[in-house]
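Model the full assembly from the supplied sequences, consistent with the hints where possible.
Number of protein chains: 2
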Amino acid sequence: MSDCIFCRIAAGEIPAELVYEDDLVLGFRDLSPQAPTHVLIIPRKHIATLNDLQPEDEAIVGRLYSAAAQIAAREGLAERGYRTLINCNADGGQTVFHLHLHLLGGRQMNWPPG
Amino acid sequence: MSDCIFCRIAAGEIPAELVYEDDLVLGFRDLSPQAPTHVLIIPRKHIATLNDLQPEDEAIVGRLYSAAAQIAAREGLAERGYRTLINCNADGGQTVFHLHLHLLGGRQMNWPPG
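From first to last, the protein sequence lines are chains G and F.
In terms of my numbering, the first sequence opens at residue 1 and continues consecutively.
In terms of my numbering, the second sequence opens at residue 1001 and continues consecutively.
This list has only true hints and no planted wrong ones.
Derived list of chain G stretches under chain F, where covered just means 3 residues or more per stretch with a C-beta under 8 Å from a C-beta of chain F: (1) 40–53; (2) 73–84; (3) 88–94; (4) 100–111.
In silico negatives: residues of chain F with every beta carbon more than 12 Å from chain G: (5) ALA1011; (6) GLU1013; (7) GLU1021; (8) PHE1028.
Reference excerpt, derived from the structure (chain F facing chain G, CB under 8 Å, subset only): (9) LEU1050; (10) ASN1051; (11) GLY1081; (12) TYR1082.
Hints listed in this document are in silico derivations from the structure and should not be mistaken for laboratory results.
Glycine included, C-beta positions come from ideal geometry on N, C-alpha and C.
Given below as structure tokens:
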């Protein structure tokens, strides 16, 4: 059994409120939402950080974004807009070391971005 | 001549401080930096927003991220960390309607992300 919480969510061992699922990625709601919509989209493959991306992972990153756009549309955010981000390591604010894309919307996002 | 400022930067018609360039994407420093390192990475292809991504653009999005990781490493940010984001439309804070990835680092990024 993996000790990575996101691998365990992907394996169905830990419950999460899934909003998207395909062969490469899945999306579920963040437990500490920072906006009316706050979804995390993760690859099924365990990739610790952006620094660990391999050239063959480019399709996975592309899929994270096509999933984000689909989820945003379903949540009624496409026209108003939304913010997507991936944090890397401590200065970026990464706390779970399984790559994840944050999708935030439903309010005006501010600048600077944290 | 395009009226898109980022298309004009990609075409070399408007100067920018380039930090990365390949066949699909280029990176240059943001003129209003929000962190010690603040780079914008754009596709050469004009894509207005995340909502306009087509399935065949997944490789472009993947490349934006592999470029971001390479730039972060060159700037000495890989271990300390960094934040990457793409804004979509007004609520996301998008101001130039040519898809761009923000890479920010060199300081602790805060939460919430704007």
